[in-house]
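**Student:** Quick note, the sequences are listed as chains C and U, same order.
Numbers 0 to 416, taken from numbering that gives the first Met the number 0, label the letters of the first sequence in order.
Numbers 0 to 416, taken from numbering that gives the first Met the number 0, label the letters of the second sequence in order.
No lab work stands behind these hints: they were computed from the structure.
Glycine included, each C-beta is placed from N, C-alpha and C at the ideal position.
One thing to keep in mind: the hints can contain errors.
What the hints assert, rightly or not - Derived contacts from chain C toward chain U, CB cut-off under 10 angstroms, selection only: (1) S72; (2) P174; (3) S181; (4) M225; (5) L230; (6) M401; (7) K402.
As the list claims (entries may be wrong) - Not close to chain U: a few residues of chain C, all C-beta gaps over 12 angstroms, as computed: (8) P51; (9) D84; (10) R315; (11) G388; (12) A400; (13) A408.
There are 2 protein chains.
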Amino acid sequence: MTHADMMDSAGPAELGATLSGLRVLELGHFVAAPFCTRLLGDLGADVIKVEPLQGDPVRQWGAQVDGRSLWWSIHGRNKRSIALDLKKPDARDIILALVAQCDVVVENFRPGQLARMSLGPDALRAVRPDLIIAHISGYGQTGPYRDRAAFGVIGEAIGGLRYLTNHAPGQNDLPPVRVGVSIGDSIAGLYAAFGIMAALWQRDREGGDAAARSLDVALTESVFSMMEAMLPEYGKLGIIKQPTGGGIATAAPSNAYPTKDGSWVLIAANSEPLFAKLAVLIGRPQMIDDPDYVGNAARVRNAARLDAIIGEWTGRHVSSELLLLLNGADIPNSKVYTAHDCATDPQYLDRGMVREIDDTAFGTVLHSGIVPHVPQSPGTIRWPGPDIGTHTDEVLMELAAMKHAEIAALREQGIIR
Amino acid sequence: MTHADMMDSAGPAELGATLSGLRVLELGHFVAAPFCTRLLGDLGADVIKVEPLQGDPVRQWGAQVDGRSLWWSIHGRNKRSIALDLKKPDARDIILALVAQCDVVVENFRPGQLARMSLGPDALRAVRPDLIIAHISGYGQTGPYRDRAAFGVIGEAIGGLRYLTNHAPGQNDLPPVRVGVSIGDSIAGLYAAFGIMAALWQRDREGGDAAARSLDVALTESVFSMMEAMLPEYGKLGIIKQPTGGGIATAAPSNAYPTKDGSWVLIAANSEPLFAKLAVLIGRPQMIDDPDYVGNAARVRNAARLDAIIGEWTGRHVSSELLLLLNGADIPNSKVYTAHDCATDPQYLDRGMVREIDDTAFGTVLHSGIVPHVPQSPGTIRWPGPDIGTHTDEVLMELAAMKHAEIAALREQGIIR
Numbered sequence: 000m001t002h003a004d005m006m007d008s009a010g011p012a013e014l015g016a017t018l019s020g021l022r023v024l025e026l027g028h029f030v031a032a033p034f035c036t037r038l039l040g041d042l043g044a045d046v047i048k049v050e051p052l053q054g055d056p057v058r059q060w061g062a063q064v065d066g067r068s069l070w071w072s073i074h075g076r077n078k079r080s081i082a083l084d085l086k087k088p089d090a091r092d093i094i095l096a097l098v099a100q101c102d103v104v105v106e107n108f109r110p111g112q113l114a115r116m117s118l119g120p121d122a123l124r125a126v127r128p129d130l131i132i133a134h135i136s137g138y139g140q141t142g143p144y145r146d147r148a149a150f151g152v153i154g155e156a157i158g159g160l161r162y163l164t165n166h167a168p169g170q171n172d173l174p175p176v177r178v179g180v181s182i183g184d185s186i187a188g189l190y191a192a193f194g195i196m197a198a199l200w201q202r203d204r205e206g207g208d209a210a211a212r213s214l215d216v217a218l219t220e221s222v223f224s225m226m227e228a229m230l231p232e233y234g235k236l237g238i239i240k241q242p243t244g245g246g247i248a249t250a251a252p253s254n255a256y257p258t259k260d261g262s263w264v265l266i267a268a269n270s271e272p273l274f275a276k277l278a279v280l281i282g283r284p285q286m287i288d289d290p291d292y293v294g295n296a297a298r299v300r301n302a303a304r305l306d307a308i309i310g311e312w313t314g315r316h317v318s319s320e321l322l323l324l325l326n327g328a329d330i331p332n333s334k335v336y337t338a339h340d341c342a343t344d345p346q347y348l349d350r351g352m353v354r355e356i357d358d359t360a361f362g363t364v365l366h367s368g369i370v371p372h373v374p375q376s377p378g379t380i381r382w383p384g385p386d387i388g389t390h391t392d393e394v395l396m397e398l399a400a401m402k403h404a405e406i407a408a409l410r411e412q413g414i415i416r
Numbered sequence: 000m001t002h003a004d005m006m007d008s009a010g011p012a013e014l015g016a017t018l019s020g021l022r023v024l025e026l027g028h029f030v031a032a033p034f035c036t037r038l039l040g041d042l043g044a045d046v047i048k049v050e051p052l053q054g055d056p057v058r059q060w061g062a063q064v065d066g067r068s069l070w071w072s073i074h075g076r077n078k079r080s081i082a083l084d085l086k087k088p089d090a091r092d093i094i095l096a097l098v099a100q101c102d103v104v105v106e107n108f109r110p111g112q113l114a115r116m117s118l119g120p121d122a123l124r125a126v127r128p129d130l131i132i133a134h135i136s137g138y139g140q141t142g143p144y145r146d147r148a149a150f151g152v153i154g155e156a157i158g159g160l161r162y163l164t165n166h167a168p169g170q171n172d173l174p175p176v177r178v179g180v181s182i183g184d185s186i187a188g189l190y191a192a193f194g195i196m197a198a199l200w201q202r203d204r205e206g207g208d209a210a211a212r213s214l215d216v217a218l219t220e221s222v223f224s225m226m227e228a229m230l231p232e233y234g235k236l237g238i239i240k241q242p243t244g245g246g247i248a249t250a251a252p253s254n255a256y257p258t259k260d261g262s263w264v265l266i267a268a269n270s271e272p273l274f275a276k277l278a279v280l281i282g283r284p285q286m287i288d289d290p291d292y293v294g295n296a297a298r299v300r301n302a303a304r305l306d307a308i309i310g311e312w313t314g315r316h317v318s319s320e321l322l323l324l325l326n327g328a329d330i331p332n333s334k335v336y337t338a339h340d341c342a343t344d345p346q347y348l349d350r351g352m353v354r355e356i357d358d359t360a361f362g363t364v365l366h367s368g369i370v371p372h373v374p375q376s377p378g379t380i381r382w383p384g385p386d387i388g389t390h391t392d393e394v395l396m397e398l399a400a401m402k403h404a405e406i407a408a409l410r411e412q413g414i415i416r
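Isolated chain C (complex conformation) (with noise of 0.2 angstroms):
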């Protein structure tokens, strides 16, 4: 049997792209709901992203170059954008005239703010019957809490996500880390993408309900869905989930080690032939007979101890040198990867997740790949984060069937860039 055989991912594509013939209008800014229409466009969905005049603030976000951010260039892709000025009632029309030749809207302003713009459900629905509508906010649209502001930290510590990315109680005074991306934004845009392909589905597939849906969908919910056993924990037992560091409460040694050359290795040694793999490696084989760390049980209760003699073993190599004896020893390890070991990474380039990307702003750019990952139709980059506005002609005249002298008044009242 080959690989090509086993792996259901090699040979050619031979469909179209996975969602072809799906329009979306996002009328989003900042992580969460950008996020999301990024998803449908690597699949092939055509985005439309409106935007107002002075444009999304993510493309001042982060490291820039002559003004311009990187981070753009991928939050961007794929997408046409579509400046104006929603405040401006022709604006309000040009929106429902492109709704009206949508399946789907996403959006993530405050609850109601749309509805206060006159775009409510009720209008978009009265120009497309059929629309699917996302809303991703903080707290959701409904409830005590849906007026508060969001911020994506905030979402991360109401799903308990922060509190647990600490170090176990006692061990150092420094606060919990914040997870060092907007997770709880990008968890939210995914669970929308998902939730926009399940009511498509319903609304598309032959005998189906033919129906418009909305999703709800908030940050801190999407987090707090993450948690596992936490939440049923906490109400038959009263256990509160506490953090462990670099560790599992339950399993060791599993742990975050330091490396000669300043970096870490992760070390999964949790099983019996794992461990005596272990012990032998470092030098220690008479640690397999000792009671204190003979069993799953008895390693975690010494777990502080053993993790100080794993690490002063660690810290005496350098992080290639550790990759190579781990490996040899067939023990499950990982270099904890930086920005640079990604990008070089020998799998990331081979399943093009890694990808140059031509944009006329920089350059060649970075991007990371599609995911997932559709073999016999994969998703594609066909453009990085275009300009302010780069569509609104186009999309204007295909679309909204406006003629150039009509764009260019617009233009001249300040409605559209």
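Chain U: place on chain C using the hints.
**Tutor:** Just chain U, lined up with the frame of chain C:
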């Protein structure tokens, strides 16, 4: 305008389940594949989980009551369990009979493992030509690392997440922390659920291509796809994104601060008006005009000093006082929620995100609710995680047209449970 008009989430549900009519076979274990099918089941799909005779290992993970894990009550909810010994040839025939009645198979064996059991994609599509197959693995179905063991923590490390869940270099010598849950597995499962629905929409819609697609979802790549600007900033400017502890590299003050009663409060006061309000609130109005703190750039430069000053103030108050003071001053803030805080949160309770579910094994169990929320047809928790093989007879009679006697014979031979 009433809230009902504005919110698009009020009013009674009027539609059937979003995923009614969808049948999914899970050949999964541990976290990623079962999390994917939980999401599908929560929205109404008929999920049939194939388990080994001894059950999915998660049935024994985490805190238990009478040998049953509380996690399972959530992880297995809404699924039908059929238990069989995949090493037996007759079991393979049963799988194929079930696949013929399913739209989707979700699996997270090692790449190639199902093919070695004669259940590879070709075998499955021989009985169901338009089958959608979702493969979830550590590194993906192709590439030089495809055969490596998949661990959640390793996927998170290679995805670039673990490096960032740490304090800034030089702050302490403790290792970067784990997120506290298997977030890489859950994100991969969510990506698979999105990809499944995308493939089904194109397969089943009017005007679609009626084609079978596969999803090749890797834990590593699922995490990596959420790393925002990390990769393009490295590629263009050589920036290696660094951890920033509880704060954000580009905004101050924004951090988690200690409280007198041993918890943490997040405060995000990183704009001029918010910072001014905070300075007054903590009794340091002179900071407003102090050149060390005027403007975000200056505050970022002096963030450590600023955080110490704010932390000294928060440490004098218990968290309930702090929330009153900060809300009173209209400064974005949140307690860092523990399991207790989540379980008792008014917003979660109002939106059905914390629910009491009857579980014959435990009595009442708390479950997290259903994400995404679909106001017109909210997902339902129809039953908690079932016992091993609860639905074996039912499924074999309904979908494989078996009779009682046949089923009894298979059970006698140890093929099913």
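**Student:** Are the hints correct? Go through all of them and say.
**Tutor:** Against the structure, the hints:
Of the supplied interface hints, the one on C:S72 holds, with its beta-carbon coming within about 6 angstroms of a beta-carbon of chain U, less than 10 angstroms. Residue-level restraint check for C:P174 holds (minimum Cβ-Cβ distance to chain U is 3 angstroms; threshold 10 angstroms). Here the hint on C:S181 is kept, as its CB sits about 7 angstroms from the closest CB of chain U, short of 10 angstroms. Using the Cβ-Cβ criterion of 10 angstroms, the hint placing C:M225 at the interface with chain U is satisfied: the shortest such distance is roughly 4 angstroms.
Interface restraint check for C:L230: the shortest CB-CB distance to chain U comes to about 5 angstroms, inside 10 angstroms, so the restraint holds. Evaluation of the C:M401 hint against chain U yields a violated restraint, the C-beta minimum of about 27 angstroms exceeding 10 angstroms. This hint is violated: C:K402 has a C-beta 30 angstroms from the nearest C-beta of chain U, more than the 10 angstroms allowed. The beta carbon of C:P51 is kept farther than 12 angstroms from every beta carbon of chain U, the shortest such distance being approximately 19 angstroms.
Here C:D84 stays apart from chain U, with its beta-carbon at least about 22 angstroms from theirs, past the 12 angstroms limit. The beta carbon of C:R315 is kept farther than 12 angstroms from every beta carbon of chain U, the shortest such distance being approximately 15 angstroms. Residue placement check: C:G388 keeps its beta carbon more than 12 angstroms from all beta carbons of chain U (closest about 22 angstroms). For C:A400, the requirement that its beta carbon stay farther than 12 angstroms from each beta carbon of chain U is met, with the minimum near 22 angstroms.
Every beta carbon of chain U lies more than 12 angstroms from that of C:A408, the smallest distance being close to 32 angstroms; the non-interface claim holds.
Violated hints, listed in ascending order, are 6 and 7; each of the other numbered hints is respected by the structure.
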